[in-house]
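Peer 1: Now for the letters of each chain:
There are 4 protein chains.
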Amino acid sequence: MNTERARLLLTCADRPGVVAAVTQLLYEQGANVVDSHQHTEPDDLRFFMRLEFDLPGLESRLPLLERAMEPVAERFGLQWRLTPAARVKRMALFVSKQDHCLQELLWLWKKGELAAHIPLVVSNHADAREVVAPFGIPLHHVPVTAETKVSAEAATLELMREHQVDLIVLARYMQILSGDFITRFGGPIINIHHSFLPAFVGANPYAQAHTRGVKLIGATAHYVTAELDAGPIIEQDVHRVGHRNAVEELVRIGRRVERTVLARAVAWHLEDRVLPHGNKTVVFA
Amino acid sequence: MNTERARLLLTCADRPGVVAAVTQLLYEQGANVVDSHQHTEPDDLRFFMRLEFDLPGLESRLPLLERAMEPVAERFGLQWRLTPAARVKRMALFVSKQDHCLQELLWLWKKGELAAHIPLVVSNHADAREVVAPFGIPLHHVPVTAETKVSAEAATLELMREHQVDLIVLARYMQILSGDFITRFGGPIINIHHSFLPAFVGANPYAQAHTRGVKLIGATAHYVTAELDAGPIIEQDVHRVGHRNAVEELVRIGRRVERTVLARAVAWHLEDRVLPHGNKTVVFA
Amino acid sequence: MNTERARLLLTCADRPGVVAAVTQLLYEQGANVVDSHQHTEPDDLRFFMRLEFDLPGLESRLPLLERAMEPVAERFGLQWRLTPAARVKRMALFVSKQDHCLQELLWLWKKGELAAHIPLVVSNHADAREVVAPFGIPLHHVPVTAETKVSAEAATLELMREHQVDLIVLARYMQILSGDFITRFGGPIINIHHSFLPAFVGANPYAQAHTRGVKLIGATAHYVTAELDAGPIIEQDVHRVGHRNAVEELVRIGRRVERTVLARAVAWHLEDRVLPHGNKTVVFA
Amino acid sequence: MNTERARLLLTCADRPGVVAAVTQLLYEQGANVVDSHQHTEPDDLRFFMRLEFDLPGLESRLPLLERAMEPVAERFGLQWRLTPAARVKRMALFVSKQDHCLQELLWLWKKGELAAHIPLVVSNHADAREVVAPFGIPLHHVPVTAETKVSAEAATLELMREHQVDLIVLARYMQILSGDFITRFGGPIINIHHSFLPAFVGANPYAQAHTRGVKLIGATAHYVTAELDAGPIIEQDVHRVGHRNAVEELVRIGRRVERTVLARAVAWHLEDRVLPHGNKTVVFA
Numbered sequence: 001m002n003t004e005r006a007r008l009l010l011t012c013a014d015r016p017g018v019v020a021a022v023t024q025l026l027y028e029q030g031a032n033v034v035d036s037h038q039h040t041e042p043d044d045l046r047f048f049m050r051l052e053f054d055l056p057g058l059e060s061r062l063p064l065l066e067r068a069m070e071p072v073a074e075r076f077g078l079q080w081r082l083t084p085a086a087r088v089k090r091m092a093l094f095v096s097k098q099d100h101c102l103q104e105l106l107w108l109w110k111k112g113e114l115a116a117h118i119p120l121v122v123s124n125h126a127d128a129r130e131v132v133a134p135f136g137i138p139l140h141h142v143p144v145t146a147e148t149k150v151s152a153e154a155a156t157l158e159l160m161r162e163h164q165v166d167l168i169v170l171a172r173y174m175q176i177l178s179g180d181f182i183t184r185f186g187g188p189i190i191n192i193h194h195s196f197l198p199a200f201v202g203a204n205p206y207a208q209a210h211t212r213g214v215k216l217i218g219a220t221a222h223y224v225t226a227e228l229d230a231g232p233i234i235e236q237d238v239h240r241v242g243h244r245n246a247v248e249e250l251v252r253i254g255r256r257v258e259r260t261v262l263a264r265a266v267a268w269h270l271e272d273r274v275l276p277h278g279n280k281t282v283v284f285a
Numbered sequence: 001m002n003t004e005r006a007r008l009l010l011t012c013a014d015r016p017g018v019v020a021a022v023t024q025l026l027y028e029q030g031a032n033v034v035d036s037h038q039h040t041e042p043d044d045l046r047f048f049m050r051l052e053f054d055l056p057g058l059e060s061r062l063p064l065l066e067r068a069m070e071p072v073a074e075r076f077g078l079q080w081r082l083t084p085a086a087r088v089k090r091m092a093l094f095v096s097k098q099d100h101c102l103q104e105l106l107w108l109w110k111k112g113e114l115a116a117h118i119p120l121v122v123s124n125h126a127d128a129r130e131v132v133a134p135f136g137i138p139l140h141h142v143p144v145t146a147e148t149k150v151s152a153e154a155a156t157l158e159l160m161r162e163h164q165v166d167l168i169v170l171a172r173y174m175q176i177l178s179g180d181f182i183t184r185f186g187g188p189i190i191n192i193h194h195s196f197l198p199a200f201v202g203a204n205p206y207a208q209a210h211t212r213g214v215k216l217i218g219a220t221a222h223y224v225t226a227e228l229d230a231g232p233i234i235e236q237d238v239h240r241v242g243h244r245n246a247v248e249e250l251v252r253i254g255r256r257v258e259r260t261v262l263a264r265a266v267a268w269h270l271e272d273r274v275l276p277h278g279n280k281t282v283v284f285a
Numbered sequence: 001m002n003t004e005r006a007r008l009l010l011t012c013a014d015r016p017g018v019v020a021a022v023t024q025l026l027y028e029q030g031a032n033v034v035d036s037h038q039h040t041e042p043d044d045l046r047f048f049m050r051l052e053f054d055l056p057g058l059e060s061r062l063p064l065l066e067r068a069m070e071p072v073a074e075r076f077g078l079q080w081r082l083t084p085a086a087r088v089k090r091m092a093l094f095v096s097k098q099d100h101c102l103q104e105l106l107w108l109w110k111k112g113e114l115a116a117h118i119p120l121v122v123s124n125h126a127d128a129r130e131v132v133a134p135f136g137i138p139l140h141h142v143p144v145t146a147e148t149k150v151s152a153e154a155a156t157l158e159l160m161r162e163h164q165v166d167l168i169v170l171a172r173y174m175q176i177l178s179g180d181f182i183t184r185f186g187g188p189i190i191n192i193h194h195s196f197l198p199a200f201v202g203a204n205p206y207a208q209a210h211t212r213g214v215k216l217i218g219a220t221a222h223y224v225t226a227e228l229d230a231g232p233i234i235e236q237d238v239h240r241v242g243h244r245n246a247v248e249e250l251v252r253i254g255r256r257v258e259r260t261v262l263a264r265a266v267a268w269h270l271e272d273r274v275l276p277h278g279n280k281t282v283v284f285a
Numbered sequence: 001m002n003t004e005r006a007r008l009l010l011t012c013a014d015r016p017g018v019v020a021a022v023t024q025l026l027y028e029q030g031a032n033v034v035d036s037h038q039h040t041e042p043d044d045l046r047f048f049m050r051l052e053f054d055l056p057g058l059e060s061r062l063p064l065l066e067r068a069m070e071p072v073a074e075r076f077g078l079q080w081r082l083t084p085a086a087r088v089k090r091m092a093l094f095v096s097k098q099d100h101c102l103q104e105l106l107w108l109w110k111k112g113e114l115a116a117h118i119p120l121v122v123s124n125h126a127d128a129r130e131v132v133a134p135f136g137i138p139l140h141h142v143p144v145t146a147e148t149k150v151s152a153e154a155a156t157l158e159l160m161r162e163h164q165v166d167l168i169v170l171a172r173y174m175q176i177l178s179g180d181f182i183t184r185f186g187g188p189i190i191n192i193h194h195s196f197l198p199a200f201v202g203a204n205p206y207a208q209a210h211t212r213g214v215k216l217i218g219a220t221a222h223y224v225t226a227e228l229d230a231g232p233i234i235e236q237d238v239h240r241v242g243h244r245n246a247v248e249e250l251v252r253i254g255r256r257v258e259r260t261v262l263a264r265a266v267a268w269h270l271e272d273r274v275l276p277h278g279n280k281t282v283v284f285a
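Residue numbers (UniProt numbering), protein chains in the order written: chain A, 1 to 285; chain B, 1 to 285; chain C, 1 to 285; chain D, 1 to 285.
To be clear, the hints were calculated from the coordinates, so they are not data collected in a lab.
Cβ atoms here follow ideal geometry from the backbone N, Cα and C, with glycine treated the same way.
A couple of the hints might just be wrong.
[Stated by the list, open to error] Under the rule of at most 20 Å between Cα atoms (straight-line distance), these lysine to any residue pairs were calculated in the SDA-like manner: (1) C:Lys280 with D:Arg244; (2) D:Lys111 with B:Ala126; (3) B:Lys110 with D:Leu108; (4) A:Lys111 with C:Pro63; (5) C:Lys280 with C:Arg212; (6) C:Lys110 with A:Leu250; (7) A:Lys280 with B:His239; (8) A:Lys280 with A:Arg75; (9) A:Lys110 with A:Leu120; (10) D:Lys89 with D:Arg244; (11) D:Lys97 with D:Gln29; (12) B:Lys110 with D:Arg244; (13) C:Lys110 with A:Pro188; (14) B:Lys111 with D:Lys89; (15) B:Lys111 with D:Lys97; (16) D:Lys89 with D:Pro119; (17) D:Lys111 with B:Ala115; (18) D:Lys280 with C:Arg212; (19) C:Lys111 with A:Pro134; (20) C:Lys97 with A:Pro134; (21) C:Lys110 with A:Ala126; (22) D:Lys280 with C:Lys110; (23) C:Lys110 with A:Leu120.
[Claimed, not checked] Covered stretches of chain A (chain B as the covering partner; in silico rule of three or more C-beta atoms under 8 Å from a C-beta of chain B): (24) 92 to 102; (25) 240 to 254.
[As the list claims (entries may be wrong)] Have a look at the derived ranges for each label pair, beta carbon to beta carbon: (26) D:Glu66 with A:Ala285: 32 to 40 Å; (27) A:Glu74 with D:Glu59: 30 to 38 Å; (28) B:Asp54 with A:Arg212: 56 to 64 Å; (29) C:Leu62 with A:Asp127: 35 to 43 Å.
Turn these sequences into a full structure, and let the hints guide you.
Peer 2: Below you can see the structure in the form of structure tokens.
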């Protein structure tokens, strides 16, 4: 892990001079920009920027840098965030019975492709224990029924607090989180929906896809909002299917698409590459 | 054009012995099978088959072959159709102002990639005249307003009869055909919808896609039924987009997807490769 | 596992009447065909067919069926093979240090997506032990150096015999098998090459790809022959890359393509869907 | 055409402060940046940047802006180029008998998707006349034989000079341009090669692909250098094929890929989005 690397994310109403001011500031502070993306949304002229830079002695110089940013932020009305790459996010994985997405994320994490701590896995079933065990991550089994939903969510929320979770990833977690849970958790929640949204919202999208006779099936990774399957989309992909594919084969083919799409979305989020903008996302990948 | 080539399409409830009976019959008649596809739908055990074969002296021997099929069809409850490849379909193209799909089809047709006669192009605008002219195909300008819709459809239907049209292709024709027109025309109508159906049914799908923030845009070629954008899907494809793409760019990128998807669907239909099955299609491509 | 299901694969010079004869025979024996593919290669008019069928009491009736096939095979010059689906192949996995393909295959196998016995994993490194352990499969560590190559191959060959291995899969095994090994093993060997063959034959294909500045990277699963990376291709796929991707990222992106491509190729082979034809393959997927 | 819009392209050895200096300069001149890309090549730390901006009164203020750039360029060792968007490139299209790429480019040009003047089309055959005529562009028929190659190239070069051509696009021009021609023309030449380079260099790539039994066929748009099919790649794409596809079908399927790939590459070049870097390209699309 590069301890001198940090990321600066910012957004503001598009105004000339922002880039010059921010890059000049980083230059003066001795930072060396290694990656840079920017975008102005044509609809509302909102400006977005992500800068990745190296700064020798980052840890000790960070407060200085943050203070230097303040007048610039004031001048241009910036919303901004400065994150050392070494300060990795704490990610909780939620899963039900289908464990392919969980398995994929754990593999990639072990290979070093996902920059995160994973303090715990939460499941409403005990089945995932076997998958989780070799990775040395505790599985918290929190059963959920219609009757126990409120208390189960409270217990889950308590786990999130206790483990200081920054990000929840629903890796095929088949419970719908209440608006109350989403609000109280407060942080980002990424879900993988097993269809090309907005087609086939809700339950059994592969069965819906089979019934409609589509020629491609897809998966969508999105941030969770109170409205089901309607949050900002981070990533999508599809795979070709045909009349030979029964529903079970759509499920099997779809599993690969889900794994790929969720893994990309989570990696991008962990690297601060996804900037929400209303109900959409700007992805600097 | 191979004058000895024909296609046999058939469907029936799946019963052992069908393939043996039909292939034995063709063998006895002296036909040489050059391409063969079959499929049994797992949901309802419906069986579908397409055989392409060469038979010397096809034209004179066709009635004989058809008579020989009758007892087999009777025995297995076959719905079947025998078509000489040389008997190409008569296809009418309908277009409004956007002419990219029209151009693509005309150009492929001229290259010999679409086996059809095109006796006429119908448009509710006069703009297409320039596109159509170099191909020597008459353009019939049939303006449509809310007031004249009934008479315009009647005139259009008369044109279809007069030109003995087998197939209508809506190559970005922005009028919704009435259920009455569809019924009275009686033949297949292929439409290109500029979204990945069932996402973004109806008007302005690219604007809908932009608003929803999808990461892929698509196009769908489908048979037209009385319910808008809900008929059997023949072909679909998508292309990746991102936050950099404004709506106009989605439109531009989408045009290429539309051209590709419609061209494939029409070619398959003309070669009798698309077998409708309820609200789905079996495509033997 | 369906104990009544079997597959008939056959190839011959294309002659009218083959399909009729074979399907009639299966019908008379009481078999119910559930899947069927056929293909005539236009270059040399070679005919290929794969039939999947259910036959009640398969095990006891198989010898009868095979006897019935003999005169038909004689008459049409068929090469043919009849395999009960329940008689799954015995597959050995070979791996070096990169274990992503091994993991993918083991995981799909555990999910029931690969119909095989896996009696052993062979590696020239001990690293894979940790990956293999949770699956309960023995790892045989057979180190290979330039000096020990002959004896190592002999030991490996002995392992293959002992475990009655039908198929070897080189899941990123970085040793080149000698022509002698290939001949003496005698069975099919599937390799995953980490490029879109025939581009970038040999070592370090991602570095080669980076140097050439290609815009897509790929992977190729192929049968191994004595000539390096030149055997019949079973499956290929690619993924888009760009100037932002350093070699290490090509490697990372490529890993996903390799996993997907090898998994598809192995699954097809195990289900007898791949028919070699000279240096090419007919894939009935 | 936006007469206030311009593009600044620059490259230099990566040094801190470049972005700050350049964006500050543009800000002081009153320019409003609307699109920005930058990239540092990890291999050699070469820095690339493309800025698109609006500047009221661009035409009269351009000399001022260029003078202001000089000290910055000096300080950072910049290679740079400032181009008003309204100063569109003059593009010559070269074609032989296969006219699908020519047709595609002319269509897109007429739709306004290619920002270029097309003063002439050059062909070694007269066949393209019919395609070119409706677009009102003169076709220069310059036959080439082994004997006349030198004089034909001289005549062609003269045409380029006369029409002040900035860019030559080889839209399936089946003559190999001599190193001498390339040098003397001096400007960029884009070729479409009908394979996924570096696979299948040279003649008849589809036949080569068919012989090798690949499962994807591709096309590559690249800048022409003296070494055949070895210049910097701008864009590539592929399409899936299988055992059913005879060579003629590979050709037909490939035509669509060629059209798409060449169109993208040409559009990017015309918008100054392609920056050559050694034998590779940085594409800011």
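Peer 1: Hint by hint, note whether the structure agrees.
Peer 2: Status of the hints after comparison with the structure:
The hinted pair formed by C:Lys280 and D:Arg244 meets the criterion: a straight-line CA distance of about 12 Å does not exceed 20 Å. Between D:Lys111 and B:Ala126, the direct Cα distance comes to roughly 17 Å. Compliance with the 20 Å bound is thereby established for this hinted pair. As the CA atoms of B:Lys110 and D:Leu108 are separated by approximately 19 Å, the hinted pair is consistent with the 20 Å bound. For the given pair, A:Lys111 sits about 51 Å from C:Pro63 by alpha-carbon distance, which is inconsistent with the 20 Å threshold.
Of the supplied pair hints, the one linking C:Lys280 and C:Arg212 is violated, its CA atoms being roughly 27 Å apart against a limit of 20 Å. As the CA atoms of C:Lys110 and A:Leu250 are separated by approximately 19 Å, the hinted pair is consistent with the 20 Å bound. Between A:Lys280 and B:His239 the CA atoms are separated by roughly 18 Å; this keeps the pair inside 20 Å, and the hint holds. For a cut-off of 20 Å, the pair hint linking A:Lys280 to A:Arg75 is broken: about 27 Å separates their Cα positions.
In summary, the hint linking A:Lys110 to A:Leu120 is supported, as the alpha carbons are separated by about 14 Å, within the 20 Å threshold. The hinted pair formed by D:Lys89 and D:Arg244 fails the criterion: a straight-line CA distance of about 43 Å is larger than 20 Å. Restraint check for D:Lys97 and D:Gln29: the C-alpha separation of about 50 Å exceeds 20 Å, so the hint is violated. As the CA atoms of B:Lys110 and D:Arg244 are separated by approximately 24 Å, the hinted pair breaks the 20 Å bound.
Restraint check for C:Lys110 and A:Pro188: not satisfied, since their Cα atoms lie roughly 33 Å apart, outside the 20 Å limit. A C-alpha spacing of about 31 Å is found between B:Lys111 and D:Lys89, which places the hinted pair above 20 Å, so the restraint is violated. For the given pair, B:Lys111 sits about 13 Å from D:Lys97 by alpha-carbon distance, which is consistent with the 20 Å threshold. Of the pairs offered as hints, the one joining D:Lys89 and D:Pro119 holds, with about 10 Å between alpha carbons and a cut-off of 20 Å not exceeded.
Taking the CA atoms of D:Lys111 and B:Ala115, the gap is about 28 Å. The hint is violated against a cut of 20 Å. With a CA separation close to 7 Å, the supplied pair D:Lys280 and C:Arg212 stays within the 20 Å bound. The straight-line distance between the Cα atoms of C:Lys111 and A:Pro134 is roughly 17 Å, inside the 20 Å bound, and the hint therefore holds. Pair hint C:Lys97 plus A:Pro134 holds up; C-alpha atoms about 19 Å apart against a cutoff of 20 Å.
At roughly 18 Å between alpha-carbon atoms, C:Lys110 and A:Ala126 fall within 20 Å of each other, so this suggested pair holds. For the suggested pair D:Lys280 and C:Lys110, the alpha carbons sit about 43 Å apart, so the restraint of at most 20 Å is broken. Between C:Lys110 and A:Leu120 the CA atoms are separated by roughly 24 Å; this puts the pair beyond 20 Å, and the hint is violated. Using a Cβ-Cβ cut-off of 8 Å, 0 residues of the stretch 92 to 102 of chain A lie near chain B, which falls short of the minimum of three, so the contact claim is violated.
Only when three residues or more bring their CB closer than 8 Å to a CB of chain B does the claim for the stretch 240 to 254 of chain A stand; here the count is 4, and the claim holds. Evaluation of the 32 to 40 Å hint for D:Glu66 and A:Ala285 yields a pass: the beta carbon distance comes to about 35 Å. At about 37 Å, the beta-carbon gap between A:Glu74 and D:Glu59 stays in the expected band of 30 to 38 Å. Checked against the hint of 56 to 64 Å, the pair B:Asp54 and A:Arg212 fails, with Cβ atoms roughly 38 Å apart.
The given range of 35 to 43 Å is respected by C:Leu62 and A:Asp127, whose C-beta atoms sit roughly 38 Å from each other.
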